[in-house]
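Chemist: With these hints in hand, go ahead and build the complete structure from the sequences.
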Amino acid sequence: MRSASAKQAGLTEERIDDGIDHWRSSDAFTPAEKVALEYSELMQFEPARIDEAFYARLGSHYSEEEVVELGAFIGFNVGYHTFFRTLDFYPMFSPEGVLVSQEESRRIYGDTPGSHLRAEVQEALAAAHAHESAS
Amino acid sequence: MTLVDPIEYEEAELQGLGSRLESFAVLGDQSAAFVRILARAPKYAEALWDAMAEALFEGGVDHSLKEMVRIQLATKAEDPYFSSLRSRRAIEAGLTEERIQAALGDFGNDPQFTAAEKWALDYAYRMYRTPESVNWAFYEEGKQHWTEAQIMELGGLVAIHYGMQVFMRTLSPTT
Chain D
23 MRSASAKQAG LTEERIDDGI DHWRSSDAFT PAEKVALEYS ELMQFEPARI DEAFYARLGS
83 HYSEEEVVEL GAFIGFNVGY HTFFRTLDFY PMFSPEGVLV SQEESRRIYG DTPGSHLRAE
143 VQEALAAAHA HESAS
Chain E
901 MTLVDPIEYE EAELQGLGSR LESFAVLGDQ SAAFVRILAR APKYAEALWD AMAEALFEGG
961 VDHSLKEMVR IQLATKAEDP YFSSLRSRRA IEAGLTEERI QAALGDFGND PQFTAAEKWA
1021 LDYAYRMYRT PESVNWAFYE EGKQHWTEAQ IMELGGLVAI HYGMQVFMRT LSPTT
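Just so you know, the protein sequences line up as chains D and E, in that order.
Residue numbers for the first sequence follow our numbering, beginning at 23 and rising by one.
Residue numbers for the second sequence follow our numbering, beginning at 901 and rising by one.
To be clear, the hints were calculated from the coordinates, so they are not data collected in a lab.
It cannot be assumed that every hint is accurate.
16 Å max Cα-Cα, derived EDC-like pairs, lysine to aspartate or glutamate [what the hints assert, rightly or not]:
| id | chain 1 | residue 1 | chain 2 | residue 2 |
| --- | --- | --- | --- | --- |
| 1 | D | 29 | D | 118 |
| 2 | E | 943 | E | 992 |
| 3 | E | 943 | E | 911 |
| 4 | E | 943 | D | 68 |
| 5 | E | 1043 | E | 1053 |
| 6 | D | 29 | D | 68 |
| 7 | E | 976 | D | 68 |
| 8 | E | 976 | E | 1006 |
| 9 | E | 943 | D | 86 |
| 10 | E | 943 | D | 88 |
| 11 | E | 943 | D | 87 |
Modeler: Okay, here's the thing in structure tokens:
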């Protein structure tokens, strides 16, 4: 799924992919954005590395209110995404907003959901466009 | 105290968090440090603690079982704060430290736990160790013991408490 409000504010799939896979080397992110993305990655995979020095780095970019907001948001998502993964549940809508079955959704998003720029998702988008044009 | 200091208790009360501070104290921390840390972002303190409290204290699954699940998760998260807390309500209902420790051990072979309790403890145990094993067959087994509403209640408890425990772990200066 993607936040409609974030997309309307200009967030692109390319930037989402960069934020997942290439944020360290990408020039598309500010130092503040990079440390937030690092916070998220560490919280999920290496929480023991989030120490006083790391919080000092966070604090050089964000207020304490923002640090708590980020940390709680990340923790909430770490907890919930693993739970939802076990439910084997897919979005009820295609990336174009068309209601689809669980089987169709799985075909569109794949067994390991991630980038919307993958060929399967792009094909589904093209098919949805063609369907809209024909109707 | 922690890498993000809690706001003062009185300040949290002035923010309207008094009832949340009191309900958190049931977990054994009269200072409600967790709520006062979250209170740096006041709306988060309200929303997240309300959800955590609902998951832990309300619903159709016994609170003492959920307290054992919560402590088991905090141990997995290596969070010294939440793993040290004990629910007064659960203790008053008869939950003992011996039973808590049994839930942290080989609960699957422990006759003091019912099959339903074993499934719930196993659910939490597997969730962040081997989530791929929490599959259709595992949920089907769970439905032998619990309603779907109770399973979702347990899943929600596991997800939100573990997430906040991981966050709190990072705030400990010992990490």
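Chemist: If a hint holds in the structure, say so; if it does not, say that too.
Modeler: Tested hints:
no. : hint               : in the structure
1   : 29/D with 118/D    : 13 Å, holds
2   : 943/E with 992/E   : 31 Å, violated
3   : 943/E with 911/E   : 14 Å, holds
4   : 943/E with 68/D    : 28 Å, violated
5   : 1043/E with 1053/E : 13 Å, holds
6   : 29/D with 68/D     : 30 Å, violated
7   : 976/E with 68/D    : 13 Å, holds
8   : 976/E with 1006/E  : 15 Å, holds
9   : 943/E with 86/D    : 14 Å, holds
10  : 943/E with 88/D    : 12 Å, holds
11  : 943/E with 87/D    : 10 Å, holds
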